[in-house]
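Q: Okay, here's what each chain looks like letter by letter:
Number of protein chains: 2
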Amino acid sequence: VTALDELDTPSVIVDLDVLERNISRMADRARAAGVRLRPHAKTHKVPELGRLQLAAGATGISLAKTGEAEVFAEAGFDDIFLAYPIVGAGKGRRLLALSDRLRLAVGVDSIEGAASLGSVFHAARRRIDVLLKVDCGYHRVGVAPERAVETARRLTDLPGIALRGIFTHAGHAYLAASPADIAAIAKQEGEILAATADLLRSEGLPVGEVSVGSTPTARVAMSVAGVTECRPGNYVYHDGSQVSLGTCEIEDCAMTVIATVVSVPAADRAVLDCGSKTLSSDPLRPRPGGHGGILGRTSRIESLSEEHGVVRVEPGETFRVGERVRVLPNHACVVSNLHDRIILARGDRVEGDWTVAARGRVR
Amino acid sequence: VTALDELDTPSVIVDLDVLERNISRMADRARAAGVRLRPHAKTHKVPELGRLQLAAGATGISLAKTGEAEVFAEAGFDDIFLAYPIVGAGKGRRLLALSDRLRLAVGVDSIEGAASLGSVFHAARRRIDVLLKVDCGYHRVGVAPERAVETARRLTDLPGIALRGIFTHAGHAYLAASPADIAAIAKQEGEILAATADLLRSEGLPVGEVSVGSTPTARVAMSVAGVTECRPGNYVYHDGSQVSLGTCEIEDCAMTVIATVVSVPAADRAVLDCGSKTLSSDPLRPRPGGHGGILGRTSRIESLSEEHGVVRVEPGETFRVGERVRVLPNHACVVSNLHDRIILARGDRVEGDWTVAARGRVR
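Chains as they are written, first to last, in our numbering: chain A, 1 to 363; chain B, 1001 to 1363.
Bound-form chain A, shown alone (with noise of 0.2 Å):
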């Protein structure tokens, strides 16, 4: 197969050359920025792709579950933060096989989490590096900063762990109403991790690195004078989502899929071979509106079951049994993860494909 004409469908496809331009763009922006630069590759789970990220000047990656951790690690990837609270003995054990090869650290948001890893570690006369993970507003996981120093306190004095810094996720951008609101939200992730750092410091607490990271807050959030790391995900390929929060127009959007109508029922509806199998059921952000665009079209794919999306077909549009369309997924961190292999285009060409290694591991 060498055109995307000739495969078979539902097919995810990654153009190279926007895929290039945004992997650089986003290095350019931590370059100027003058903070390091981790992507997280849960978006894409493909070492192929995190090796590009490298060359382009990525100090490392960010992952969130330890199997991936061990499919990078096995990819020949040094340099892994898994930026999620990793807790149990069980998660000890393989994280301290995994730390012979490589420069690892994990999250941590409790003394409890983070003494079922360092007991391991202890046992083995080893230290585990961590982050603390602080709460800069999207209430998800992570201390309040005001519990920071008491938390960070207590983790330095844990048997097998090392506070290497802290960290957080600006999730609530992916609800901001505008851009504005999305900046604001950045800025203040940026200084409450920064205020934060400055704070355990004084308090004699070792604080080397703070790291902040989403896509939509990437670029104001890594400019606050204190932040030493930026994690953004899905910047390589963007999304439906990162369109309508204005992190990106719509020609930065890597990652597609091409789909067939397999029925046109009624004037108003018309049926797509991708149903939540293919483009997962994740909402439209920051508001619900519908399950995929499709390029070139007004309509949309309203709703989802598992092999079908359900267009709406609007007025003086038609849409054709057998037809072939291309859909802008609402997430494409979830569409990497369905599948086990993504192909490779620039344009209309097939260049190949990768496999997406790390894609199921959620152990």
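Quick caveat, the hints were computed from the structure, so don't treat them as lab data.
Output of the computed footprint for chain B on chain A, the stretches with three or more beta carbons under 8 Å from beta carbons of chain B:
hint, segment
1, 87-97
2, 255-266
3, 313-325
If we take Cβ atoms under 7 Å as the criterion, some of the chain A residues that face chain B in the derived model are:
hint, residue
4, 140
5, 271
6, 281
A virtual CB, placed ideally from N, CA and C, is assigned to each residue, including glycine.
Since the structure of chain A is already known, use the hints to place chain B on it.
A: Frame of chain A, contents of chain B only:
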């Protein structure tokens, strides 16, 4: 690993006692109703599980995608119906290759779609069996009952096409407000399809199979006179939505997810290590109600991100970091599709695992 306690999390568990009971109950119902049972294996995508269904009396299986049929054919299944409007010469060639090895039929709801398959089979001097999809009120795919005669007549005129019967799916039952409403929808599902079959026959059109299907509607729809086959899928596992719909009780749910509490950042919030990459973001049916129940608790997963299940902790309940819980997913069929393997258990004892062999076969 011989006990569930020793499993790393998150892990998808299928209790074999419950699974076997679900399989035999549905088989008994079909036998009592005098219809063939052709379970939709998209729910589990596991050949070993499909063989249990056949052993209990199923006459064949249903699937949605050509790639799924290829996996099950390779595993020895010899009677497969693709209950989906398959479209395109590329898929037609793959179906032609399969049809040498098994009794195969596919769904159609358009002349264009059927012609794209028929031309491939006709060129090989073969015919492919098709079932015409009839819309019984779900308004997703399928022809309106009043258009069935005209479409069926044109189908029988197409080269390479053999009309085996008609089928429908009452997906709107998943939005029904009460068990009584589901029963009414199910009755209509059976009656509309049986009446359509009578009409086609009165016009001299061949209708061998009259096939209904869905777990909530199966019991009532399969009992309607004239129905010959039933295609429920979800019943092997059941899930939170089936409980909410009144289709089953919690103890009839064979699939659960073992998760670990990784963070308790506030008194009313706990975070599990299962997010949308483990549970999917499919909503609870028939009404939204969080993203997963927790066995033995009233607290539910209120929101998901990719690897976080955020629990709203109800007053009086507590969650501790490191504690393990059992989550009842909203929708088992999409959970299956996220995981390469599922763990088999009886009670707390691990009995082995199955590969989800047809996972991700969306093409």
